[in-house]
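Order-wise, the sequence lines are chains A and B. The first sequence begins at 0 in numbering that gives the first Met the number 0 and counts up one residue at a time. The second sequence begins at 0 in numbering that gives the first Met the number 0 and counts up one residue at a time.
Since the hints were made in silico from the structure, they are not lab data. Positions of the beta carbon are idealized from the N, C-alpha and C atoms, including for glycine. Wrong hints could be hidden among the right ones.
Computed footprint of chain B on chain A, listed as stretches where at least three residues anywhere in the stretch have a Cβ under 8 Å from a Cβ of chain B [said to hold, decoys possible]: (1) 52-61; (2) 64-74; (3) 110-124.
From the structure, some residues in chain B lie toward chain A, with a derived Cβ separation under 10 Å [as the list claims (entries may be wrong)]: (4) L2; (5) A39; (6) E42; (7) T45.
Each pair of labels, with its calculated beta carbon distance range [claimed, not checked]: (8) A:N151 to B:G33: 25 to 33 Å; (9) B:I38 to A:N132: 20 to 28 Å; (10) A:P89 to B:G33: 20 to 28 Å; (11) B:E22 to A:P29: 50 to 58 Å; (12) B:L46 to A:I124: 17 to 25 Å.
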Amino acid sequence: MADIVLTGDTSGAITVAAPAVAGTNTITLPAETGTIVTSTSAATNTPAFSAELGTAQTLTNITVTKALFDNQLFDTDNAFDTSTNRFTVPTGKAGIYSISAHLRLATSASNLNLAVMYLYKNNAIAKYAYNNNASNPLSANSIALTTLLDLNVGDYLEIFAYMQGAITASGLSLNTGQHTVFCGHRLIT
Amino acid sequence: MTLSEKIMTIYPELTTEDFEPMEGTIVLQDNCDGKGAYIAKWEHPTLAKPTDEELS
Chain A
0 MADIVLTGDT
10 SGAITVAAPA
20 VAGTNTITLP
30 AETGTIVTST
40 SAATNTPAFS
50 AELGTAQTLT
60 NITVTKALFD
70 NQLFDTDNAF
80 DTSTNRFTVP
90 TGKAGIYSIS
100 AHLRLATSAS
110 NLNLAVMYLY
120 KNNAIAKYAY
130 NNNASNPLSA
140 NSIALTTLLD
150 LNVGDYLEIF
160 AYMQGAITAS
170 GLSLNTGQHT
180 VFCGHRLIT
Chain B
0 MTLSEKIMTI
10 YPELTTEDFE
20 PMEGTIVLQD
30 NCDGKGAYIA
40 KWEHPTLAKP
50 TDEELS
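Just chain B, with the same shape it has in the complex (with noise of 0.2 Å):
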């Protein structure tokens, strides 16, 4: 499961539009350095960033 997928399940009201780089509030990105995609921005108004351990 990627962790956009992750992110959804937990947070199941989250759109695609929510991860928008420019107008969104949830930026994943992957640095293809061989760690995975990680959270490098959460700003959303209302949810709490996830955890590593919801994450894991």
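Just chain A, with the same shape it has in the complex (with noise of 0.2 Å):
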């Protein structure tokens, strides 16, 4: 037997057929009622984004502020809008995603006491990460986030920055390209 068919009741077809190579192969159904995924149905890790700092941009000493991320990488749901660099959950696409940022602040002299990257969830902090250098000032820093949130449609998503120096300090500064990214995307559920 070459191929099973198996016939609609009213209409189409469905055949099993095994590939045209050598060997014995096994395939074994789950004992669960339920819709076997195949490749041309198969979920996707979408909607899927990733932005960068285009510019490198001014931070201000002791003041928390928005990051920048004007150079969208891709975006497949048209969900980054780099006008507000926010994150939107688009309609239809709720569920849990994997979200992560990278910041380099930098300042021009070593001053650089805490920089702290916080990810807002809907203009508030949901995660933050930072680094504490009051210690032995730095002339730069670096900080990683990744988390997973269970987002509802709407909610949106900002990253911000924070930087202290010294009193007095100035030149604070995210720094552009691979060093400042912002992306995500739902997990397949």
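The two chains are supplied separately, each in an independent frame; assemble them into the complex guided by the hints.
Shown next as structure tokens:
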């Protein structure tokens, strides 16, 4: 028997066929009710987005400031707005999301005491990461954050940065390109 | 002059530690929306929040 054909009651048919190669293989169906996923119906990890800081951004000392990710690398569902630097969950795309961000904060002198990155959800802090170097101030600092968030349609995410230098600290900035990235995707459910 | 510099001019006794987002009592925020930085939180135990007039 080459193929097994299951004909529908009114129309359509499903054909189960063996590959045209030598050897014996076995498919075991699970003892459950459900739909078998095939290559054409497989779920994808979307929406997915990634954006970088295209232009160095000046920061003000001891002020929580939104990071401006103006260089969009990809955005499968047009959910990241570079005018607001905000990712918004599109209609029908609620779920668990993996969100990551990386910042490189720099000063013109070795006076960076504290560097903090905030992940805001709907204009409130959802997660944060920081490096405290008050005992040995640095000229630059990198911070990374990865988390899983259960997001509803319309929820929006933003990244904020905070630098604390000496009172007179100046020349504070976020570095561009691969140093400063905001990305994420929905997990297959 | 930045908002933090204006506040520290009004209250010279403040330090940068007072502005730490996790442990401080004052948070300044800039949403980069063209409106500039603003006082997002003022919970200092003894110093009153500066008025708009004082900050102008």
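Quick rundown of the hints versus the structure:
Counting residues of the stretch 52-61 of chain A whose beta carbon lies closer than 8 Å to any beta carbon of chain B gives 3, which reaches the threshold of three, so the coverage claim holds. Closer than 8 Å: that is the beta-carbon criterion, and the stretch 64-74 of chain A has 3 residues meeting it against chain B, so the requirement of 3 holds. With a threshold of 8 Å between beta carbons, the proposed coverage of the stretch 110-124 of chain A by chain B holds, since 4 of its residues qualify and at least three are required. Restraint check, B:L2 versus chain A: the minimum CB separation of about 7 Å is within 10 Å; hint holds.
The interface hint given for B:A39 holds, since its Cβ lies 7 Å from the closest Cβ of chain A, which is under the 10 Å cut-off. Evaluation of the B:E42 hint against chain A yields a violated restraint, the C-beta minimum of about 15 Å exceeding 10 Å. With a least beta-carbon distance of about 19 Å to chain A, the hint placing B:T45 at the interface is violated under the 10 Å criterion. At roughly 29 Å, the beta-carbon separation of A:N151 and B:G33 lies within the given 25 to 33 Å, and the hint holds.
Separated by about 26 Å at the C-beta atoms, B:I38 and A:N132 satisfy the suggested range of 20 to 28 Å. With their beta carbons about 27 Å apart, A:P89 and B:G33 fall inside the hinted range of 20 to 28 Å. The beta-carbon spacing between B:E22 and A:P29, approximately 52 Å, falls within the hinted interval of 50 to 58 Å. With their beta carbons about 24 Å apart, B:L46 and A:I124 fall inside the hinted range of 17 to 25 Å.
Checked against the numbered hints above, the structure violates hints 6, 7; every other hint is satisfied.
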